[in-house]
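Q: Line by line, the protein sequences give chains A and B. As numbered in UniProt numbering, residues 1 to 801 make up the first sequence, in order. As numbered in UniProt numbering, residues 1 to 113 make up the second sequence, in order.
Because the hints were derived from the structure by calculation, they are not lab data. Any given hint could be a false lead.
[What the hints assert, rightly or not] Looking from chain B toward chain A, a few residues come up when the C-beta cut is under 8 Å (computed):
(1) 15
(2) 37
(3) 43
(4) 44
(5) 62
(6) 64
(7) 67
(8) 91
(9) 92
Keep in mind that this is a model prediction, so the values were computed, not measured. A virtual CB, placed ideally from N, CA and C, is assigned to each residue, including glycine.
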Amino acid sequence: MSYLHWAIVAPLFLSIFIPIFYKVFRRIHTGWFVLPLPILLFVYFLSFLPVTMSGKTMMESMNWIPSLGINFTAKVDGLGLLFSLLITGIGALVVLYSIYYLAKDKEKLNQFYVYLLLFMGAMLGVVLSDNLIVLYAFWELTSFSSFLLIGYWYEREKSRYGAQKSMLITVFGGLAMLGGIILLYIMTGTFSVTEVISQANEIFNHALFVPALICILLGAFTKSAQFPFYIWLPDAMEAPTPVSSYLHSATMVKAGIYLVARFTPVFGEHSLWFWLVSGVGILTLIWGSIFAVKQTDLKAILAFSTVSQLGLIMSLLGVGAAALHYEFLDDNIFTVAVTAAVFHLINHATFKGSLFMAAGIVDHETGTRDIRKLGGLMHFMPITFTISIIGTFSMAGIPPFNGFLSKEMFFTAMVHVIEMDIFNLETLGILFPVFAWIASIFTFVYSMILVFRTFTGKYQPEKLDKKPHEAPIGMLISPVILVSLVIIFGFFPNLLSHSLISPAMASILPSLLGPGEEFMVHISFWHGFTIELFMTLGVVILGIILYKTHSKWKKIYQAIPDKLALNRFYDSLLEGVQLGSHKLTKSYMNGSIRSYLVYIFAFFIFILAATLIGKNAFKLDTSNVSAIGVYEVVLAIFVVVGSISILFVKSRMTSIILLGAVGYTVSLFYVLFRAPDLALTQLVIETISVALFLVCFYHLPKLRKFETRMRFRLTNALISVGVGAMVTLIALSAHSNKLFDSISKYYVENTYTEAAGKNMVNVILVDFRGFDTLFEITVLAIASLGIFGMIKLRLNRRKEG
Amino acid sequence: MEIIMAFVIGILFMTATYLMLSKSLLRIIVGTGLLSHGAHLLILTMGGLKRGDAPILGGDAVSYTDPLPQALILTAIVISFGVTAFFLVLAYRSYQELGTDNVEEMRGTEKDD
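Please work from the sequences and hints to get the whole structure.
A: Now the structure itself:
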């Protein structure tokens, strides 16, 4: 194991010791023991910056299951490093925040930090694995730890509901992704991402290419809360706020983004990829932004906003993949979409993390997150207000914050879509900038609602449980650091362009780079009077108008969204599946032995008839039959009449006697067919059986008056005729298809010479095949012991008595 | 003869199945009795019928019937007897305890406790 492997699994290892720290050092908040690790890892990952900036990657491999090609290969390239820094950096800030957010003596801190560390390790594993199976394993671990974290307050109904929902949806996507991984393996013969990318051109026309593409995208869309799978994210807000801030805004929901970026070199050239990624992304963007305006809960607004921003990044990645079609251009303007995606990814992590933390502070200090109860908090919480206003302005895309820059680049990319001359974009392309623009207006509106409804307006102390006041300093450190980054990246965006964005782009679009080249990224604040600037102006003006008139038009929401609510669809789907399977099981598992026998017999008839017909196996060959004797025919008639009349007699006694008669006839058959031992045994046993029958049922007089004739049922009759016919048919064809002679010649010749006996049947029973007899004796012994036990052992009676 | 026997066996199977699909426990056991008769006769028939003398050395027979199916049937008879006896006593006991021999009325234990 290299240092890199240790870095990935370090959080998992530390999680083992957390309960010990929690038990031993009860007076120290457990979070302090966690905090050093993400900081250390952050510093460690920073040391990779020179490597990726020079265009190199770092690979470390460790054998896990080499015979299946599954090795724990860790790879650090631009993209992986960017995500690792986000995970560890924001992880450290979130741990610090949680130390002040979660009370030491009220919460189960040991569980919280174990889950959080599990998640951190899993997430590092996802972004740094080069092996797809290992990536999948870590992927599921993120779903799992997220499930645990959402259900952290498991005594609350809503937490459990949210946890279950996110689990079902993300695991569904994860499973689809596993399918995609296996399809890729079938096509390429390797689980290594690097090698899959190198074979991208060869598999492009493979029949499994499109199914693999769809499967992988399902995984990405469910994890990154894209339409229509976003519904788990708003319900995941039941988690503690540090969790929402970390998992559901900055890291886990970006795992899908990571996956799409990672697989862009493989699938990016396909038109389906473009349409799915950018189409679903832009739909999610507009859908999320419109629905965010409707919410009244701070975290719900932020959740829908996350959905919408993730859609934005996703659509940028889709448009960026189209750049692969313009490889011939020296100045490929379409790569700007990828630049914007990476840049916005960083920006979103900073401002959304700080906004969640601010919302957590408001919740913590006032006791509610409902914006209808909040208002006028500006004077009580000036620092939180400052944090919020910077975060929301960045989210709305207002200068001078970093959100403005990425929004400008987003518009640039969307405007470039019109210039593309592929995939019918000459005509449909106009939708992209229009959708993007409308979504930005709504983004502006909900951003304004978020900050101004909370902090300005009328202060309503009667609706609040607590007297609001500023948060403790420790709680403010993390969001202050994040908003400082918002400002720093806003003013000096090129700090990032060479160090992080360019290497990440090199990982997303490797084929566009010649050897030794790198993407020249330059993010400028002022780019002249371009169309993007006017779009932003329009967003601000229309946004302000809509915000001012919000109270007048918000009623429209009451009419539309309920019908479009996907939650209702999800709930009824879940309920319907449960109800349906319950009904289905009820319908055939009805508890009646007769029905089960009908299934069994019907299946028997069906499968045998199908085989007989399908294989053309029925054959009737009369050359091998023995002569028909008069006695045998008489006996046969006897058996037939006897057994059929059992069906029609009324009395049980008669049917028992008829069964005995059939048994005795069978023993006469044995006589005629020259089987003296059989005849003897059959005679004796039939006598005992009949006696037993009589003993059992003669002494139960009270039941005799209920005796009736069997009622005729057509299904029963059909089934039994079918069974009889099948047995006859198979007996006939088996008899007509003798392939080999019997082995009995050996017994006939050696009974006397080898075993010193003259009765062949007896010699076979005790000498040649004595084992059968041994266990047959055992069967009898067990049966008699069982009967004895049944009669003697009466535990129920004793209890009652 | 084998063809006639095949039909006889088929009829035994048919009646056995019909009885096993009935509600009365006794009829089900009668059905299993018929089913085992059918199966035994089937083994014998498939071995070939009347191909010589009874399989006991000592006479002056040239050929014997196949002894192997007879040994198999003998084992099967004993086993099915053991199982039938057990089943019968089980039915007898369930009569005593439950007061019914209608299998449709024997459903689960939910109501009992």
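Q: Against this structure, judge whether each hint is valid.
A: These are the hints, each one checked on the structure:
no.: 1; hint: 15; result: holds, 4 Å
no.: 2; hint: 37; result: holds, 5 Å
no.: 3; hint: 43; result: violated, 10 Å
no.: 4; hint: 44; result: holds, 6 Å
no.: 5; hint: 62; result: violated, 11 Å
no.: 6; hint: 64; result: holds, 6 Å
no.: 7; hint: 67; result: holds, 4 Å
no.: 8; hint: 91; result: holds, 7 Å
no.: 9; hint: 92; result: holds, 4 Å
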